[in-house]
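J.: Using the sequences and the hints, build the whole thing.
Following this note's numbering, the numbering of the sequence shown begins with 4 at its first residue and continues without gaps.
Please keep in mind that the hints were generated in silico from the structure rather than gathered at the bench.
Be aware that one or more of the hints could be misleading.
Unchecked claim - Computed cross-link-like contacts, SDA-like style, restricted to lysine to any residue with a CA-CA straight-line distance of at most 20 Å: (1) Lys-71 - Gly-86; (2) Lys-17 - Ala-95; (3) Lys-71 - Asp-18; (4) Lys-71 - Leu-24; (5) Lys-45 - Gly-57.
Claimed, not checked - Here are the computed distance ranges between Cβ atoms for each label pair: (6) Leu-114 - Thr-33: 45 to 55 Å; (7) Arg-30 - Pro-90: 55 to 65 Å; (8) Arg-116 - Asp-34: 50 to 60 Å; (9) Tyr-96 - Asn-25: 41 to 51 Å; (10) Arg-53 - Ser-85: 42 to 52 Å; (11) Arg-83 - Leu-56: 32 to 42 Å; (12) Lys-17 - Val-61: 14 to 24 Å; (13) Arg-21 - Leu-101: 24 to 34 Å; (14) Pro-90 - Leu-114: 21 to 31 Å; (15) Thr-33 - Asp-12: 22 to 32 Å; (16) Pro-81 - Leu-114: 20 to 30 Å.
Beta carbons are placed, not taken as given, at the ideal position from N, Cα and C, and that holds for glycine.
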Amino acid sequence: MSRRNAISDDDGRKDAARLLLNQPLVRASTDPEAHRLIRRHKDALAQSFRNHLGYRLVVEPHFARLYKGGLGPTGSRPLRRSGSGTPFTPRAYAYLALACSVLLTCRQQVLCRA
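T.: Written out as structure tokens, the structure reads:
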């Protein structure tokens, strides 16, 4: 396989992955080009989704379906502090949200103290 074909193949695999993440059910009757692209890369996509995200990909002649994993039996996974491992409190989530909003909008250095 030439370098050009390998790059084209990687781009196709990325496009197929993006398509499935945005639209988990792709029917061959409504979007045949997207379905063909997914079928061409189904093995690599299935392995990648399974290993990295825990998702299951089913590709059949008439459709492709990405089953996204849930949060598990408890339904939540709280953020935990790196040092102690204690879960975030509502106040810590508020500080995190404020810090993220400032970092997205401010071009200067910002100091936070909790």
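J.: What hints, given by number in increasing order, does this structure fail?
T.: Numbers 1, 2, 7, 9, 10 and 11 - these are the hints that the structure violates, sorted from lowest upward.
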